[in-house]
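J.: Next come the chains, spelled out residue by residue.
Protein chains: 10
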Amino acid sequence: MKTIFVQIKCELGEAYKVADELVQDIEQISEVHSTSGQYDLLVKCYLDDDADIGHFVTESIQTLPGIKDTFTLIAFKAFG
Amino acid sequence: MKTIFVQIKCELGEAYKVADELVQDIEQISEVHSTSGQYDLLVKCYLDDDADIGHFVTESIQTLPGIKDTFTLIAFKAFG
Amino acid sequence: MKTIFVQIKCELGEAYKVADELVQDIEQISEVHSTSGQYDLLVKCYLDDDADIGHFVTESIQTLPGIKDTFTLIAFKAFG
Amino acid sequence: MKTIFVQIKCELGEAYKVADELVQDIEQISEVHSTSGQYDLLVKCYLDDDADIGHFVTESIQTLPGIKDTFTLIAFKAFG
Amino acid sequence: MKTIFVQIKCELGEAYKVADELVQDIEQISEVHSTSGQYDLLVKCYLDDDADIGHFVTESIQTLPGIKDTFTLIAFKAFG
Amino acid sequence: MKTIFVQIKCELGEAYKVADELVQDIEQISEVHSTSGQYDLLVKCYLDDDADIGHFVTESIQTLPGIKDTFTLIAFKAFG
Amino acid sequence: MKTIFVQIKCELGEAYKVADELVQDIEQISEVHSTSGQYDLLVKCYLDDDADIGHFVTESIQTLPGIKDTFTLIAFKAFG
Amino acid sequence: MKTIFVQIKCELGEAYKVADELVQDIEQISEVHSTSGQYDLLVKCYLDDDADIGHFVTESIQTLPGIKDTFTLIAFKAFG
Amino acid sequence: MKTIFVQIKCELGEAYKVADELVQDIEQISEVHSTSGQYDLLVKCYLDDDADIGHFVTESIQTLPGIKDTFTLIAFKAFG
Amino acid sequence: MKTIFVQIKCELGEAYKVADELVQDIEQISEVHSTSGQYDLLVKCYLDDDADIGHFVTESIQTLPGIKDTFTLIAFKAFG
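Chains as they are written, first to last, in the numbering used here: chain H, 121 to 200; chain U, 121 to 200; chain B, 121 to 200; chain E, 121 to 200; chain X, 121 to 200; chain P, 121 to 200; chain C, 121 to 200; chain L, 121 to 200; chain G, 121 to 200; chain Y, 121 to 200.
Hints are computed from structural coordinates only; laboratory data are not their basis.
Predicted model only: the values in this text are computed from it and were never measured.
Hints are not guaranteed to be accurate.
[What the hints assert, rightly or not] Pair ranges (Cβ atoms, derived):
1. H:Lys188 <-> L:Thr183: 25 to 35 Å
2. E:Glu131 <-> L:Asp140: 52 to 62 Å
3. U:Gln158 <-> Y:His175: 23 to 33 Å
4. G:Lys188 <-> C:Thr183: 48 to 58 Å
5. G:Asp172 <-> L:Thr183: 47 to 57 Å
6. L:Asp169 <-> P:Lys129: 30 to 40 Å
7. P:Glu179 <-> Y:Ile146: 17 to 27 Å
Think of the CB as a built atom: it goes at the ideal place given N, C-alpha and C, for glycine as much as any other residue.
Generate coordinates for the entire structure from the input sequences, incorporating the hints supplied.
T.: In structure tokens form, the structure reads like this:
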């Protein structure tokens, strides 16, 4: 499995609806946090080793209504 | 418990040493990931409800050698 | 109680109407200042210890008409 | 009296020492908060109506050791 | 009297019309310059000591057609 | 005569000393204001029609101790 | 032949459709990668020595539907 | 005569049409280059010594269809 | 194999020496281009499927003398 | 021949010395202008069709003392 974090900026007032839908609709998502900072949500996903990260973000996440922008962090290694 | 994420930018070539030290030295840290993007590391911490987040980041994390900058995300709510 | 500061950028010409509505409509708000700088307003709020900051900003503040963007500062500790 | 807010970025690991000194040394300061976001501290000051804000920030605040940058917000009006 | 400078970015092709209107319509304005740089106009205003700067900019300047963004500089002291 | 505005960022704590020196030393300077915003000083200069603006800023202003950065605005036209 | 890299930002959810079209429609393109970072796609093109790079990007790439922004890197030399 | 350079960002796919129109329509323009970087075009203009640069850019250049943003560089001195 | 692109900013005047060393010293590197834009070099690398990208960039690339900053793009999929 | 423009930011107070040296020392340079804006100098160069632009900028320009940063614009086509 590989781990990615997706930071999501939502339309004003939409962040909590988007968070609920992410949790319900997308099985690869393991955690959704609303956060302070430039983005509204931080989402942790586990993808199969042969999954296409770009395809997952473009097709499964960016197509949800209420999302304005996303920035993907690839986790290279988990320490500890 | 409250959850925070700290993004850390390290001196060139120091990110993996810093990650090892974070995991070994600081008990509030539950996950350290090296990541793509502007910062080198994404760190998840659990703090006591009455802990002072700013004090923790300033005194426990920023004082480690090899760290150049930090940005703290407060997690407001975990969904799902 | 926990303290947050919300910086608010308004549509051109709307800042003072927004400020009036914030003061009248939202009981958690203790101070509203119009300010110089990138944002038009600086708002200080006191929330219950178990309140969800993200939910408060998203649902109570960002839904007011005339608001273009918000940036939330969490106060970790008050000195003195 | 006029109200200003000064956002302060400190050297790594110095924010809490700076906060303590601000509170002890400068009588015009009424509140100091450590905060999330780009700056480490948010400071509220009350100055006499005929005080020179630029002089106060330059001479009284910026000269403290451990401060890296400041950004001043002038409060035009307090609502409510 | 207090002095402020307002930098104004106009819609494409509108800067000179906006400048003419500023000069004609708003008595607190003492100078309007078209300038190089990110903004199109630099405007110097003298306000009464008890005037509300934010209210003046929001209600008197930002409501003129053809203005896209403003940034206000408060003059703390005039030297010399 | 042509008019330029020079925005000046100073070393921490040096802005008022720099302002005093600008006023005393450089005859082309007609006004110096300490201001809020990213820069500490806003300076208005009148130069002869055949003066070289870049030479003036580079040789007469940037060489003063305590100056960290400058940004020059050329005034194209004064309205009113 | 000369080599250029074009970084492409697409409308939300459109990056993979755009990538497919780039590969099928434009013969100068030798590689298309979906990538992490600010842009969604990194495209490598070989152009004739006398080809006009600006014309190629403006007319052949920017006219495809689903593209929001492009940034062109000219490769000066290939090492090794 | 005085020299200015205007950097122009065009709507996607429009840069070459804009360049052709600039050359044909505006006599003060001596060179138009399509370029790499944030802007699409770099335009060199010679204006009469008493011409108003801001008026020229606002009225003659910014009014052409297909232009999204402009940034003007004033040439102070030509060396050599 | 997985593909990454590393953008490298070098100390002034060092970019070509760095490029030569990258090609000679690091076997995972398949292409090095000097390019226009914010970074001086664009480097394409093929890593084993189980290689740690962050470790590779931090330990093998960032430790070369003459490098000032790096930004890593992960290639998710190659089209065509 | 191919045309490039190099924007140069100099150490404070050094721009005119750098300009003089560029004109005297580097034969590919046809014009040097001191300019307003973020950079101090705009330099136009004509290079042989088979010249390596990156090598020229890195080795011939960036090695001059007093230069802090450069940004290169490649001219794709000259119109008119």
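J.: Among the hints numbered above, which are violated by the structure, and what are their numbers in rising order?
T.: The structure breaks only hint 4.
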